[in-house]
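Novice: Throw the hints in and build the complete structure from the sequences for me.
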Amino acid sequence: MNHAHLELTGVGISFPTDKGLYCALQNVNLKIDKGEFVSLIGHSGCGKSTVLNIVAGLHQATTGGVILDGREVNEPGPERAVVFQNHSLLPWLTCYQNVELAVRQVFQGKKTRREMREWIEHNLQLVHMMHAKDKRPSEISGGMKQRIGIARALAMQPKVLLMDEPFGALDALTRAHLQDSLMEIHADLGNTVIMITHDVDEAVLLSDRIVMMSNGPAAGVGEILQVTLERPRERIALAHDARYHEYRAAVLEFLYQKQLRPAA
Amino acid sequence: MSNPAAAQPIQDTLKSASRIALVRWLPNLLLPIIGVLVFLLFWQIAAGSINTSLGKFPGPTQVATQFVGLVKEHQREQLKAEAFYQRQEQRNADKLAKNPEAEVSIRPYTGKPTFFKQILTSLYTVMTGFVIASLLAIPLGIVCGLSKPIYNAINPLIQIFKPVSPLAWLPLVTMVVSAVYTSTDPLFAKSFVTSAVTVALCCLWPTVINTTVGVANLDKDLQNVSRVLSLSPMRHVRRIVLPAAIPMIFTGLRLSLATGWMVLIAAEMLAQNPGLGKFIWDEFQNGSSNSLGRIMVAVVVIGLIGFVLDRLMLMLQRRVSWDKNADLR
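Sequence lines, in order, name chains P and H.
Quick note: the first sequence, position 194, residue 194 per full-length UniProt numbering, numbers continuous.
Quick note: the second sequence, position 70, residue 70 per full-length UniProt numbering, numbers continuous.
Incorrect hints may appear among the rest.
[What the hints assert, rightly or not] Only pairs whose alpha carbons sit at most 20 Å apart, straight line, appear in this in silico EDC-like list of lysine to aspartate or glutamate:
(1) H:K112 to H:E77
(2) P:K133 to H:D323
(3) H:K220 to P:E223
(4) P:K110 to P:D134
(5) P:K135 to H:E77
Derived from the structure by calculation, the hints contain no laboratory data.
Computed from a predicted model, the values in this text were never measured in an experiment.
Specialist: Spelled out as structure tokens, the structure:
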């Protein structure tokens, strides 16, 4: 039998509240192959972040479970690196030191001091941030902080890269730059990525598959859209591509017709 | 090429800019000076109309005179000490000259401690108590901030002991120190240990409470970063928790040092332990016409030292703090 790289089986989570058990997420099943780029899209509050946090190990699923490379996930770890929405860099460390903290933790005893330095610099180069390596997070822009956040996650050499609305807080131009960088990196390294997004264009541009989630309570996977646009993808060329618009329309239709929010 | 005609307006602008800077800074310096001068004036006027059994209440001029007197007294005492040591050395040298086998004893000078000696004693005591308390309080605060169960267990004790005046502890501390600290050749005087422990008892609480709050309010996202990195507990504390809690820890330390300094003076007065408090009490008991002036000198000096201690802590905070843009005051 062929096992997937990452497998979510019957994942659900419920919280005790004053009015009894509240079921936030129910029966999420998903199989993700190595090197696949999957994005989760849905209205706010539908449990996208919860799914990501369960894969990260930050939350515990009430039912079902997550299996990565044949091993169950039940605690956080660097092989499932997270890029947080608001970068979450340590403000008292420079960009270099932020990445270094992760590298030291993962490669202690496996790399020499010099190899570690080269690896940190390599990752800073990947996100084009070598020029600001000695700056503190408070001295660089929001987009740059997110680049460092990505470099920190990549430097852990994770099996799965988890991104929680990584570009949500950025302006449109910066976001486009970072999307291009991310596509470049994904093409180079072939990481397995799960990304949460609110942005339909972003989802279509970046993903191999788009998982559209239904609204809560008891949210789950609504539909899954396979995006077969060939890579490398070029945003300007895609703007004239009929298939791109079909994918886009399919996602929009799901979000605004099938899953219309009761109150926006 | 420079054009003098074009440069002139620039020079004018620069000149007026420096004038503006002066005008802007002057009130900042001027107002505190005016405030102090007005206070001194009112003090002098009010002091002249208060009669006590020890004469008129001391005004600023009398205080200045007494301060000079205290400095002279200190110098006289130092000369006496030097003379004493010289005589002792001479005596011992003579003894050894007569008989090389002779046993010589070197005794310390035991004159009356002067005002400035008492200041040093008090500073030394308060710093010792403060350091002991901080070494206990910061780790305790970190543990309480990290673990809700431990916090719940310890919090009632903190809340009950926090409002207790350390002076209430003083008799107990004195008795315990004299019972437990028995050594034929003690490294520290018992009175010093008693004062330092009393100071430590009141320095504990602000630091524990503020450290706990600082640690417990650690940003959720940074906590998640630490979890994803799987940092060990020690690394988690050192790399994430401590830097994040530094501002709150320093708030606690500064509160602790300020109360510690206040309490020390009272403890020294009450227990007759060497220090500024004893100086004040001795002068009060002495009851000469100079006493009130000398006590007032001590009051001003206590205030100035308290101020300087707080500034030193602020400087230390600036050095340690990672956020150089933070408005520390």
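Novice: For which of the previously enumerated hints does the structure constitute a violation, in increasing order of number?
Specialist: 3, 4 and 5
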